[in-house]
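**Q** Sequences listed follow chains A and B, in order.
First residue of the first sequence? That's 1 in my numbering, and the numbers climb one at a time after it.
First residue of the second sequence? That's 1 in my numbering, and the numbers climb one at a time after it.
Take these hints with a grain of salt, some might be off.
[To be verified] 30 Å max Cα-Cα, derived DSBU-like pairs, lysine-lysine:
{"#": "1", "chain 1": "A", "residue 1": "K187", "chain 2": "A", "residue 2": "K206"}
{"#": "2", "chain 1": "A", "residue 1": "K141", "chain 2": "B", "residue 2": "K67"}
{"#": "3", "chain 1": "B", "residue 1": "K147", "chain 2": "A", "residue 2": "K6"}
{"#": "4", "chain 1": "A", "residue 1": "K168", "chain 2": "A", "residue 2": "K141"}
{"#": "5", "chain 1": "A", "residue 1": "K59", "chain 2": "A", "residue 2": "K6"}
{"#": "6", "chain 1": "B", "residue 1": "K147", "chain 2": "B", "residue 2": "K42"}
{"#": "7", "chain 1": "B", "residue 1": "K67", "chain 2": "A", "residue 2": "K106"}
{"#": "8", "chain 1": "A", "residue 1": "K71", "chain 2": "A", "residue 2": "K106"}
{"#": "9", "chain 1": "A", "residue 1": "K206", "chain 2": "A", "residue 2": "K185"}
{"#": "10", "chain 1": "A", "residue 1": "K76", "chain 2": "A", "residue 2": "K168"}
{"#": "11", "chain 1": "A", "residue 1": "K76", "chain 2": "B", "residue 2": "K71"}
{"#": "12", "chain 1": "A", "residue 1": "K6", "chain 2": "A", "residue 2": "K106"}
{"#": "13", "chain 1": "A", "residue 1": "K129", "chain 2": "B", "residue 2": "K67"}
{"#": "14", "chain 1": "A", "residue 1": "K76", "chain 2": "A", "residue 2": "K6"}
{"#": "15", "chain 1": "A", "residue 1": "K168", "chain 2": "A", "residue 2": "K71"}
{"#": "16", "chain 1": "B", "residue 1": "K148", "chain 2": "B", "residue 2": "K138"}
{"#": "17", "chain 1": "B", "residue 1": "K138", "chain 2": "B", "residue 2": "K71"}
{"#": "18", "chain 1": "B", "residue 1": "K71", "chain 2": "A", "residue 2": "K106"}
{"#": "19", "chain 1": "A", "residue 1": "K187", "chain 2": "A", "residue 2": "K106"}
{"#": "20", "chain 1": "A", "residue 1": "K141", "chain 2": "B", "residue 2": "K71"}
{"#": "21", "chain 1": "B", "residue 1": "K148", "chain 2": "A", "residue 2": "K129"}
{"#": "22", "chain 1": "A", "residue 1": "K168", "chain 2": "A", "residue 2": "K185"}
{"#": "23", "chain 1": "A", "residue 1": "K6", "chain 2": "A", "residue 2": "K168"}
{"#": "24", "chain 1": "B", "residue 1": "K147", "chain 2": "B", "residue 2": "K94"}
{"#": "25", "chain 1": "A", "residue 1": "K71", "chain 2": "A", "residue 2": "K206"}
{"#": "26", "chain 1": "A", "residue 1": "K168", "chain 2": "B", "residue 2": "K94"}
{"#": "27", "chain 1": "A", "residue 1": "K6", "chain 2": "A", "residue 2": "K71"}
{"#": "28", "chain 1": "B", "residue 1": "K71", "chain 2": "A", "residue 2": "K206"}
{"#": "29", "chain 1": "B", "residue 1": "K67", "chain 2": "A", "residue 2": "K206"}
{"#": "30", "chain 1": "A", "residue 1": "K6", "chain 2": "A", "residue 2": "K206"}
{"#": "31", "chain 1": "A", "residue 1": "K45", "chain 2": "A", "residue 2": "K168"}
{"#": "32", "chain 1": "A", "residue 1": "K129", "chain 2": "B", "residue 2": "K71"}
[Claimed, not checked] Some chain B residues close to chain A (C-beta under 7 Å, calculated; not the full set):
{"#": "33", "residue": "Y5"}
{"#": "34", "residue": "L14"}
{"#": "35", "residue": "L56"}
{"#": "36", "residue": "C58"}
{"#": "37", "residue": "N60"}
{"#": "38", "residue": "A70"}
{"#": "39", "residue": "K71"}
{"#": "40", "residue": "I73"}
No lab work stands behind these hints: they were computed from the structure.
We treat Cβ as the ideally placed atom computed from N, Cα and C, and that holds for glycine.
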Amino acid sequence: MPNYPKHFLFTLYNTCFLFCFLFILGCNQEQETEALPILGNSIIKQGQDTVYHKIADFKFMDQDSLVVTPKDFDEKIYVADFFFTSCPTICPKMKFEMLRVYEAFKDNEEVRILSHTIDPVHDTIPLLKSYAERLGVEGPKWRFVTGTQDEIYEIGQGSYMVSTGEDKFSPGGFMHSGAFILVDKDKRIRGIYDGTEEEQVDQLIKDIPVLLQEYER
Amino acid sequence: MKDSYCGMIKFLFLLFAFTFIYCNNKKENDDSQQDWSHHDLKTQQYLIEGKRLYNLHCANCHMEDGKGLAKLIPPLSGSDYMLSDVDRTICIIKQGMSGEIMVNNEVYNHPMPGNTILTNIEIAEITTYLYNSWGSDKGIVSIPEVKKALENCNELQH
């Protein structure tokens, strides 16, 4: 090996070291294993376990005329949202983003999607079925459910903590949030994401495996 | 000896610089805007305003790239249905539509709400944008054209 000057070898050695260091740093950034928070009002009593906010009991019907209750999500985590088929504003974008979630976890039996219509009068079961078919998705992976207006608004506001309601000043006649709510196997809310924002849905797609990992212990 | 040493340093520096620039540019998704510079000033103004109005009123459903949503909402980009009839497009923008249609060999049947608040110039601008984007290059759609089309909407074939 030719006799290179000392300071040359020193610089080369340091540059390689710098590259390796940056490389390792870059690699580590993809391994975030921080657990997701538990959202909602929790009741903390001294000397007892914390009682966390949970999704209340519900009974809806999906696009295949099947009854849907919390039992259908036992041992599963799911993403919930609220929409209506004749929505002229944010809903198509929400569906576009939710489709990404659907495709990402298509083969994962533990992940489900639950879309509630906030216009049960217009969004009949056959209409929901046709809507789902045109989107190219099927139950029970992605269920589109309907119920009474009161039940749906109540669970939206009370359980999922999103604002929904009739509003004659809103386009389409309904005011609703474009939130996607991530629910764990214990029916607790672990994340709320804006379904119209691609980056937030990217984050949701990253958070789902993190949540699933919690149950692998 | 000193030459090869300098050469090595320059090489490492270039390598580092390239990596840095490449990584920074990777995330920037360059939305390739169609070239409108060959159009006259008035057409260009229509196109710019048309794009703004499209993104405000239409992109929610038809999406910014004009590709629609699955089999629910038809595309506008490359749509044979849209490209074959400008007058019909003008009427649909204003009045909305419902019923089954065939676009690029797919059946769609999802109602579109109208946009009755849009003025004739706004419709002219949006239509100009639609017919000069995503590979089309049909030139300006004028206000008199829009006015005439809107007078004859009821006679149109779906």
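**Q** Confirm or reject each hint.
**A** Results of checking the hints against the structure:
1. A:K187 - A:K206: Status holds; Cα separation ~20 Å.
2. A:K141 - B:K67: holds (25 Å)
3. B:K147 - A:K6: Violated. B:K147 to A:K6 sits at ~82 Å, over the 30 Å cutoff.
4. A:K168 - A:K141: The given pair, whose Cα atoms are some 33 Å apart, is violated under the 30 Å limit.
5. A:K59 - A:K6: This hinted pair is violated, its Cα atoms lying about 77 Å apart.
6. B:K147 - B:K42: Answer holds: B:K147 to B:K42 is near 18 Å, not above 30 Å.
7. B:K67 - A:K106: Distance of about 23 Å is within 30 Å: holds.
8. A:K71 - A:K106: Holds, because 21 Å separates the two Cα atoms, which is no more than 30 Å.
9. A:K206 - A:K185: Holds. A:K206 to A:K185 sits at ~17 Å (cutoff 30 Å).
10. A:K76 - A:K168: Judged against 30 Å, a Cα distance of about 37 Å means the pair is violated.
11. A:K76 - B:K71: holds (29 Å)
12. A:K6 - A:K106: violated (58 Å)
13. A:K129 - B:K67: The hint holds at about 23 Å.
14. A:K76 - A:K6: The given pair, whose Cα atoms are some 62 Å apart, is violated under the 30 Å limit.
15. A:K168 - A:K71: violated (35 Å)
16. B:K148 - B:K138: holds (18 Å)
17. B:K138 - B:K71: With Cα atoms ~27 Å apart, B:K138 and B:K71 stay inside 30 Å; holds.
18. B:K71 - A:K106: holds (19 Å)
19. A:K187 - A:K106: holds (21 Å)
20. A:K141 - B:K71: holds (19 Å)
21. B:K148 - A:K129: With Cα atoms ~40 Å apart, B:K148 and A:K129 exceed 30 Å; violated.
22. A:K168 - A:K185: Violated: A:K168 and A:K185 sit about 37 Å apart, past 30 Å.
23. A:K6 - A:K168: violated (79 Å)
24. B:K147 - B:K94: holds (11 Å)
25. A:K71 - A:K206: Roughly 26 Å separates the two Cα atoms, so the pair holds.
26. A:K168 - B:K94: It holds: about 21 Å lies between the C-alpha atoms, which stays within 30 Å.
27. A:K6 - A:K71: Distance of about 71 Å is beyond 30 Å: violated.
28. B:K71 - A:K206: holds (27 Å)
29. B:K67 - A:K206: holds (26 Å)
30. A:K6 - A:K206: Judged against 30 Å, a Cα distance of about 47 Å means the pair is violated.
31. A:K45 - A:K168: Answer violated: A:K45 to A:K168 is near 43 Å, above 30 Å.
32. A:K129 - B:K71: holds (13 Å)
33. Y5: With a closest approach of 5 Å, the B:Y5 hint holds.
34. L14: violated (12 Å)
35. L56: Interface hint status for B:L56: violated (11 Å vs cutoff 7 Å).
36. C58: violated (10 Å)
37. N60: holds (5 Å)
38. A70: Holds, because the Cβ-Cβ distance from B:A70 to chain A comes to roughly 5 Å (cut-off 7 Å).
39. K71: Holds: closest Cβ of chain A sits about 4 Å from B:K71, inside 7 Å.
40. I73: holds (6 Å)
Of the numbered hints listed earlier, those contradicted by the structure are 3, 4, 5, 10, 12, 14, 15, 21, 22, 23, 27, 30, 31, 34, 35 and 36.
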